[in-house]
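Chains as they are written, first to last, in our numbering: chain A, 1 to 487; chain B, 1001 to 1487.
Calculated from the structure, these hints are not laboratory results.
Here the structure is a predicted model, which is why all the values come from computation and not from measurement.
Check before you lean on any hint, since a few could be wrong.
[Said to hold, decoys possible] Taking lysine-lysine pairs in the DSS-like style, the calculated list, with each CA pair at most 25 Å apart, reads:
{"id": "1", "chain 1": "A", "residue 1": "Lys175", "chain 2": "B", "residue 2": "Lys1432"}
{"id": "2", "chain 1": "B", "residue 1": "Lys1428", "chain 2": "A", "residue 2": "Lys384"}
{"id": "3", "chain 1": "B", "residue 1": "Lys1180", "chain 2": "A", "residue 2": "Lys180"}
{"id": "4", "chain 1": "B", "residue 1": "Lys1321", "chain 2": "B", "residue 2": "Lys1308"}
{"id": "5", "chain 1": "B", "residue 1": "Lys1443", "chain 2": "B", "residue 2": "Lys1428"}
{"id": "6", "chain 1": "A", "residue 1": "Lys383", "chain 2": "B", "residue 2": "Lys1443"}
{"id": "7", "chain 1": "A", "residue 1": "Lys176", "chain 2": "B", "residue 2": "Lys1428"}
{"id": "8", "chain 1": "B", "residue 1": "Lys1443", "chain 2": "A", "residue 2": "Lys176"}
[What the hints assert, rightly or not] One-sided excerpt, in silico: chain B residues whose CB lies under 10 Å from chain A:
{"id": "9", "residue": "Cys1092"}
{"id": "10", "residue": "His1094"}
{"id": "11", "residue": "Leu1127"}
{"id": "12", "residue": "Leu1147"}
{"id": "13", "residue": "Arg1152"}
{"id": "14", "residue": "Leu1177"}
{"id": "15", "residue": "Asp1195"}
{"id": "16", "residue": "Cys1236"}
{"id": "17", "residue": "Asp1240"}
{"id": "18", "residue": "Pro1303"}
{"id": "19", "residue": "Leu1304"}
{"id": "20", "residue": "Thr1305"}
{"id": "21", "residue": "Gly1319"}
{"id": "22", "residue": "Thr1320"}
{"id": "23", "residue": "Gly1411"}
Don't be surprised by glycine CBs; every beta carbon is placed ideally from N, CA and C.
Protein chains: 2
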Amino acid sequence: MYQGIMEGLLTRCRTLSALATCSLRHSRCIVRKCYHCAPGRGQRLVVSRMFQPQNLREDQVLSLEGRASDLTCKSQRLMLQVGLILPASPGCYHLMPYTVRAVEKLVRVIDQEMQAIGGQKINMPSLSPAELWRATGRWDLMGRELLRLKDRHGKEYCLGPTHEEAVTALVASQKKLSYKQLPLLLYQVTRKFRDEPRPRFGLLRGREFYMKDMYTFDSSSEAAQETYSLVCDAYCRLFDRLGLRWMKARADVGSIGGTMSHEFQLPVDIGEDRLVVCPSCHFSANTEIVDLSQKICPDCQGPLTETKGIEVGHTFYLGTKYSSIFNAHFTNAHGESLLAEMGCYGLGVTRILAAAIEVLSTEDCIRWPSLLAPYQVCIIPPKKGSKEAAATEIVERLYDDVTEALPQLRGEVLLDDRTHLTIGNRLKDANKLGYPFVIIASKRALEDPAHFEVWSQNTESRASCPSPLRSPELQSRAAESQEPGCC
Amino acid sequence: MYQGIMEGLLTRCRTLSALATCSLRHSRCIVRKCYHCAPGRGQRLVVSRMFQPQNLREDQVLSLEGRASDLTCKSQRLMLQVGLILPASPGCYHLMPYTVRAVEKLVRVIDQEMQAIGGQKINMPSLSPAELWRATGRWDLMGRELLRLKDRHGKEYCLGPTHEEAVTALVASQKKLSYKQLPLLLYQVTRKFRDEPRPRFGLLRGREFYMKDMYTFDSSSEAAQETYSLVCDAYCRLFDRLGLRWMKARADVGSIGGTMSHEFQLPVDIGEDRLVVCPSCHFSANTEIVDLSQKICPDCQGPLTETKGIEVGHTFYLGTKYSSIFNAHFTNAHGESLLAEMGCYGLGVTRILAAAIEVLSTEDCIRWPSLLAPYQVCIIPPKKGSKEAAATEIVERLYDDVTEALPQLRGEVLLDDRTHLTIGNRLKDANKLGYPFVIIASKRALEDPAHFEVWSQNTESRASCPSPLRSPELQSRAAESQEPGCC
């Protein structure tokens, strides 16, 4: 029925398919055998079965508003209200199913960008032996931010907040590292732990959080600085792909150390970092490293303006600070053993997600970067017993047609089967949850041909179409999701 | 050139594509801009650039053999020898790039099976407040297996070895849980911590490891037992898809509790569990729960035989043990509030990987479940300066052709560019690492048409083909990778 248009979309939607958290290609078949599912509905994802977010029309929002004093920023309030996160202990949250989907999509985009520049993914333990941290002096320097524990034999560990020590010791243990293998870019995406004095803002400043940390090893200072630029460029591409406005600001090296550092910041009032920006030459820096009495750009001597930001990435050129302590050597072309020049590069994974919600959402409604939305489409069938109820079957067929013809949308389309609620009420929920597309079967669904309303929530536009796939918005979303310059 | 056959393979290889850890669809374009890569080679994955496993021809294997006394099982020895894992502290390992790829593929298969039965993926913190564990009495009961710590305010936590307490408290906090949402199947794949008295066998018994833990909530004991069967069936499908011989044995409930429990075991001599099996009626049980003086099957009274196994999965029917402590209620059709009936279900993710290597490998060579092999194909071009060196370009074109025509193999094909080594030496390395397919350009690569040798390492067969994609083995691998009954 919509085959032609669907095929067109199909060839354009490669990104979506690359990001689908679980393709469900197999599941579609297995589900049919599952006794839990009513016959014929096995392959449809329905809102009523979702654990969270769920019954927004009920008392949940009210009960949360009752303790609004705890909620110090918009993303935290919205994410708690709709049940994207649930508090476990101070600074620690349960991530609920929608959030896990969004985080997994973000990790997939990060993997693509890190592997595109030659990054190799590893996984280092959270339990980090004290002796490593004593070797660098950070066992004392990190103070109470380190969560420390002893095992049954009394041996001391911390829960790794970052892994310079571990990765440098790991590379140092490889006695045959050759200059031919450099630059070596190792990264991981794992939980990190930091005993924040005041955890707050939900996922923005937690005690347990997901971070992507990359560590690079180079044969010379010049090569290391090229690698530094390479990783920074990958970070720029990442934030561009997420559709986020970002700034790259010069920053303090803090407890990580090294000689050069930049922060990637999303400009927003709730941000805890103060930045100065030069509108003429694009100089930008954290106020930590600027003489604020002057307010003059060091590059062009123009006046600086001030803004606030959420730090979502941080890069450090480390030189040989860590490699000299752990003896991380490589062999050069002449057979000489030299210390590797290092860099380290962090992205706050759960923080990027919360920060994106903070900057994109309205006061009442969540908006996601299109690439990260947990589900791309929500289809709302008519209310049970209403005049339009006859269109229910057409809508369910639409669900099947869309997911059949557009494999990249499999697992990405939800049916809001709470048909005891009006379309209007369910549309409000869908609006709050921020599905990029909502398809509604209103009166015109009973016309011949059936017309559907397609709401594009990110652009706040809607269209009535004989097939939702003729919606210009849905088509342009598909086009958007394709990387510029990508085949 | 191979277009026709490639197209055929393409339609059959859906599983591979669904499992690719990072599709590299984007990267292919971005990489070309990357200064690290020589022109024209940007999109080729080459062995010389891999951090680990790497130069096996060098002294690494020898140095490890020197301390063979520490290596207590085959999988640990092999994984250390080739650099798949590196020790970080007792029972804690760094997972190197090949291992991370295999683990991510395994998680993808697990996600498919769990979501096919309606599982919803969540993510709970590792920091688990002591009060939850005190409520169930397990703060004391778990003894020294719990890793405990205090935060800066003196509040006590453990590092979660399992999450019955956390998930039950989470579900109990949802006051509007309706019978319509049941069965509720929540699962996560996260790091778990257990302070083993004697960590050993590499990833088989570690102190920090990845586990999939699912928790189910049902409206009645009967429904809960149906859910129990449903999850067990999903586990059977999982192990079948991995090509592993498994046993489902009745087991003790241990510190988890409940009234019924089964272990999924891979039979192998190194296994730490002793099992009794009835050859006639397929009864199987851990010796913990059997009266060994009798050696008679309780189901058919036949004689029992004994075997050893590695526990890779464990299921528990919990009843209301946890829901009654945390008041995890749901509302039934009559508006009454009732306690949920629970089950919990674990899969040792990193343990499954190591156990599979333990049972599938030879003494000297790693073999992977086909679905989990880090890379599917290794292509070995001729030695530099050899008679066959003229075929180098043909081989490199082959790499490009294969990854171009078979998108599901993108990111799955490696070129062993260490052309200072003979083909024979590199073939030995490839054999040790267990790539399912190795393609070699030997003398006949210079014939017209060029012939390649295709080694299928899992079946120990080889063929010489005008195109490697005409290899019957490679084709049947592609067919194998397709799920039976899957469209």
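task: For the hint on His1094 (chain B), just tell me whether its beta-carbon gets within less than 10 Å of chain A.
output: holds, 5 Å
query: Does the CB of Pro1303 (chain B) sit less than 10 Å away from some CB of chain A?
result: violated, 36 Å
Agreement of Lys1443 (chain B) and Lys1428 (chain B) with the hint, judged by alpha carbon distance not exceeding 25 Å: holds, 18 Å
- prompt: Can the hint on Cys1236 (chain B) be confirmed by a CB-to-CB distance to chain A that is less than 10 Å?
  reply: With Cβ-Cβ at 12 Å, over 10 Å, it is violated.
message: Given a cut of 10 Å on the nearest C-beta pair, is the interface hint for Leu1127 (chain B) held or broken against chain A?
response: holds, 5 Å
Pairwise hint evaluation, Lys384 (chain A) against Lys1428 (chain B), where the allowed Cα distance is 25 Å at most: With Cα atoms ~67 Å apart, Lys1428 (chain B) and Lys384 (chain A) exceed 25 Å; violated.
message: The hint names Asp1240 (chain B) as touching chain A; please verify it with the least Cβ-Cβ distance against 10 Å.
response: Check failed: Cβ of Asp1240 (chain B) comes no nearer than 12 Å to chain A, outside 10 Å.
message: Hint check: Lys176 (chain A) vs Lys1428 (chain B), CA-CA at most 25 Å. Holds or violated?
response: holds, 20 Å
message: Quick check on Gly1319 (chain B) please, does its C-beta sit within 10 Å of some C-beta on chain A?
response: Given a least distance of 20 Å, the restraint on Gly1319 (chain B) is violated.
task: Identify whether the interface hint at Leu1177 (chain B) stands, where standing means a beta carbon of chain A within less than 10 Å of its own.
output: Holds, because the Cβ-Cβ distance from Leu1177 (chain B) to chain A comes to roughly 9 Å (cut-off 10 Å).
Interface hint outcome for Leu1147 (chain B) [beta carbon to chain A under 10 Å]: Holds: closest Cβ of chain A sits about 6 Å from Leu1147 (chain B), inside 10 Å.
query: Taking 10 Å as the limit, does the beta-carbon of Arg1152 (chain B) come near enough to a beta-carbon in chain A?
result: Where the cut-off is 10 Å and the nearest Cβ of chain A is about 5 Å from Arg1152 (chain B), the hint holds.
Hint check: violations occur at hints 2, 3, 4, 6, 8, 16, 17, 18, 19, 20, 21 and 22; the rest are consistent with the structure.
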